[in-house]
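Protein sequences, first through last, are from chains Z and S.
Residue 475 in the UniProt record's numbering sits at position 475 of the first sequence; the count goes up by one each step and never skips.
Residue 78 in the UniProt record's numbering sits at position 78 of the second sequence; the count goes up by one each step and never skips.
Treat the hints with care, since some could be wrong.
[As the list claims (entries may be wrong)] Straight line, CA to CA, 25 Å or less: simulated DMTMM-like cross-link-like pairs of lysine to aspartate or glutamate:
#: 1; chain 1: Z; residue 1: K249; chain 2: S; residue 2: D69
#: 2; chain 1: Z; residue 1: K347; chain 2: Z; residue 2: E576
#: 3; chain 1: Z; residue 1: K257; chain 2: S; residue 2: D120
#: 4; chain 1: Z; residue 1: K257; chain 2: S; residue 2: D16
#: 5; chain 1: Z; residue 1: K249; chain 2: S; residue 2: E77
#: 6; chain 1: Z; residue 1: K601; chain 2: Z; residue 2: E619
By construction, these hints were calculated from the structure, which means they are not laboratory data.
Below, each chain spelled out in residue letters.
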Amino acid sequence: MDRLLTLPPVPSPADGTHPLQPRIDARAAAALMTADGVSNLSRRGFLGFGAGALVLGALLPAMPARAQAASATASAAAVKPGSRVPAFLVIGRDNGVTLLSPFVEGGQGISTGMAQIVGEELDVDPRRFTVECAPPGPDYAVINGLRMTGGSFSTRSSYPLMRRLGATARDMMIRAAAATMAVEPQSLSTEDGFVVHAASGRRLSYGELAPAALALPPRDDVALRDPAVFRYIRQPMARLDVRAKSTGKAVYAIDQKLDGMLYAAVQHAPNQGTEPTAIANKAEAAAMPGVHSVHTLPGAVAVAADSWWRARKAVEALSVSWSAPAATGLDTVAADYASDGLLAALKASTEAGIPAETAGDAATAVAGAAKVIEAEYQAPYLAHGQLEPPSSMARFNPDGTLELWAPNQMPELFQSVAAQAAGLSPDKVILHSPMLGGFFGRHFLYGSSNPFLQAIQLAKATGRPVKVLWSREEEFRMDALRPLSYTRFRAAIGADGRPTAIQARTVGEGPLGRWFGAVFKDPVDSSAVEGITEKPYAIPNRAMEYVKVPHPVTIAFWRSVGHSMNDFFYEGFLDEIADAGGQDPYALRMELLKDKPRHRKLLETVATMSGGWKRGPYEVDGTRRARGISMASPFGSETATIAEVSVRNGETQVHTVWVAFDPGSIVNPAIVRSQVESAVALGLSATLFEELVYKDGVRQSHNFDDYPILSRSSMPTVHVEIVESGAPMGGVGEPGLPGVPPAVVNAVAALTGRRIRSLPLAKTRIEV
Amino acid sequence: MTTIHVNGRAYQVAVDADTPLLWVLRDTLGLTGTKYGCGIAQCGACTVMIDGTATRSCQVPVESVGSADIRTIDAIEEDPVGRRVVDAWVAAQVPQCGYCQSGQVMAATALLKQTPKPTDTDIADAMTNLCRCGTYNRIAAAIRQAAG
C-alpha cells in the first residue's frame, strides 16, 4: 500500500521540488482505479478483471484516461494542493472556524487530528473547530498529488502541508489586521483566534478579519511554530465528535433524507455476475402498499417505495429469474466456485514466481543446510462488517446538476464515475462525503460493491430523489472481500540453530493490483506480498516470490491489507524456525535484529510491558496459559506484540494483548492509543472467528449470525505503549492489527505444541 | 393509525402493522439516532428502552408496542441516568466510528437504571451489543464510572 507514496512521478505542469507538491492532478485520481460496474462494460470488466486500461477505456472512451482527466480540469492543473487557504478555512463573524478537511472521518479521529494540526499553527483552539469533509476539488489532493482516506496515509502525508496551511492563514490574519490598525505586522501577535496589538491593547477577531485576510495573496515562506512550544499537537485532546456520537446526533449517510425522496431496496443476483432475466410477479409487487415502482438494474432488481421497510418487503417478495452462471472455471464466480477450490488452485500453481525480494543465494543455502523446514499458511476471505450498511442518495436538481450523498474514501474518483454514469461532466456532480459508520477499507470504489450507481439509475428512472439502502444480507452478498491468501515457506537452519535462508512463494492477488492496475505496472503486487517482504530480520539468503492468480470475486482493501494475513504467515513460520533450531522465539528475534536498534527497543518495550518475556506454559488461577510474540512493519510504523492465551472447551481464550507501537512521531496520543486498541480487536476477530466461505458459487454467510465477529465476551485486556523513535511519521489506523494473529497463534503453539497455519482458529478444535 | 409513545410524546403514525419499531422511529418520526445494523437483533445498534428494558427495535413490530413508554437515544440527555452515561462515554472517549454507540448507550442506561451498581458479570451479561471498532473495554470502563 505504501507504494502509493512512491509512485513514479507523473509529468505535471505543477510538478515542483517540494515532496508534497502535486505529481498527479487531483481529478486524475480517476485514472488510478479501475471502475467496473458501469453498464457497458464487458463481463470480465464487470467482474473487475480487465486490464485497467481496458476498463478505463470503457469509462472514459474518447481519449487516454489521464489526458481526459487533465483536460477536464485544465484550470485545476495550476492549483497547488493545500495552498489556497479559503478552500480549507471558513471563519465566521462569530469567530467559529470550519475546516474543510481532505479526509473523511470514519472513526479514526482524523477530523480531530486535522483540527489540532491546523489549530496549532493558526492559533485557534482545536476545540472550537468544526471539521467537515471537503467537496471534490484539486485543492485537497494532499497525498502525493492524490486524495484518498486510506492506507493509514492521512496524517503522515499531510502533516507538513496542513501545518503550513494554518501558519499561512495566521500570517494573512496578521497582515489584514496590520492594514486595518495601520501598524507594522511585526508589532502584532495572535491569541486563540484574535490578532493582538500589545502596545495599544487593540484586538481584532479572526472572524472580523477573515473577509479581508482570506483575499490576500498567501506568502509561501511563513515560519512554522517551534515544536518545543506546541500546545495542541502531541496532546491527548478529546475528539470533537464524541458527544454527538454518544447521543445519536452524529449524521451518517444512512440518516440523510431529502424532500420528496423515495426509498429503494435491492435484491442482488445470487451468483455475482449474473443478470435478472424476468420478474414473474412484477405487477403484484408493484401493487403492494406504498410501492412506487419495480426496476431491473445491472446484476440486481430494485423496488422504490414510500418507506424503506415497504421497499424491502416488496423487493424480497419478487420472484426473479437470473441468467445462469458459468458452469465451472476460475475466471467468473461460476456455479461450482468454492473457496476450497481456489485455495487448491493456489496450492497447485506451478507457474514460475516473480522475485518480490531477493538477497544472497537461498537455493544454495537450502541445499547445503543442516536442517530444512517447510510449511504452508493460508487465510480466508473476510468481510468488512462495518456496522453501517451501505447507502447512497441521489437527486437530479433543476439546474442540471446531480447531487450525490455517498460513503466514499476517494471523492474525486466517485464524482468522476458518477458523472460518467449520469452522462454529465464532473463539475455537474455535487458529491457529499458523509461521516462513515466504520469503513476499514470498505468504501473505496469496488465496481458493483458500491450502491451509488444504483441510486443514480433509480433517481433517473423515477424522476425523484432516491435513497438506496442495502440490507445487511445484501451487504454480505456484495461486500468486496479481503482476498483469500496462501504462502508456502521453506527455511534453512544452520548447525547453530539459526536460519541461514528463507524462501516464500505467495500465490494469489492483491487489491492494489486489481484496483490501481491502471498505474501499477509492477508485476509484483505489493499488497499481496507486504509482510512477507521487507521484514527486518537478518536472514542473509532470501528468495520471496509472487505468482499472480486472479480471484473471480471482488477483492478489497481491508484494514492493514496484505499485512492482515502476511505477517501472520511470516511470524508464525519464524516461530517454527525458532522451534526447529531449538531457539526461544524472543531471543531469536533479538538476535536477528542485532543491528536494528529501533526494532530491538520495541521488543524490549513489549517484554517489559508484559512483566518480562516468558513463553510458558505456566499456571494462572489453575489454568495453563502461554504467550506468543510477533513483530510487524506496516505502513511506515513498527509494532511488537505479545498475546497471552489459554484454551477452554477447545477454544482459544485471549486474556491480554500488549502492543509496543512506534509510528515515529504522533499528533494525538489518545487517538493513537484508541486506534491500536481497535486494530487489536479487529485483528483478534479475524484470528478467532472470521471466514467468508464460497460454496457452489455463492457466499455462505448472510448476516452476523452466521458470520460471527468479536463480541465483548472475547475482548482481551489491551495495553498499548507508544514509542516515538523520531523516525519519519508512519501510519496509525492499521498498523496495530498485523501483529495480533501471529502473537495469538504463536501463543497457542507454545501452550499446546500445535502449530495452526490456517485461520480462523474457530474452525480447529484445540486441545491443551 | 397507530399511536406510540416516544420520549414522552404521543405520535400518530400511519404505517403497516408489521413495520419494525426501528423503521417507524427512523423513517416516519425522523428519529435517526437509533441505528439499523443487522435487522435480526444480533448487533444491538437499534437498541431502545421499552418500559425501561433495553430492546432491539428491529425485531419489534410496531403493532406490539401498544402504550408502552419508548425511550430513544435522541432524548437520552433528558434522563438523569442517561445523562450520566453520556458524560462517562465522553470522559472515557468511547466512540470511534460511533455507529453502534447509540445502542450501547441505551443498553448501558437500561442496565444502570435496573442495577445501579453493576458487577463485571452484570456488565458482561447486559452489554452484548457488537462494536466493530472494538471499544468494548472503554464501554465497560465508562459504565463503571457512570455507576460511581
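Do the hints match the structure? See the list:
no.: 1; hint: K249(Z) to D69(S); in the structure: holds (21 Å)
no.: 2; hint: K347(Z) to E576(Z); in the structure: holds (20 Å)
no.: 3; hint: K257(Z) to D120(S); in the structure: violated (40 Å)
no.: 4; hint: K257(Z) to D16(S); in the structure: holds (21 Å)
no.: 5; hint: K249(Z) to E77(S); in the structure: holds (11 Å)
no.: 6; hint: K601(Z) to E619(Z); in the structure: violated (28 Å)
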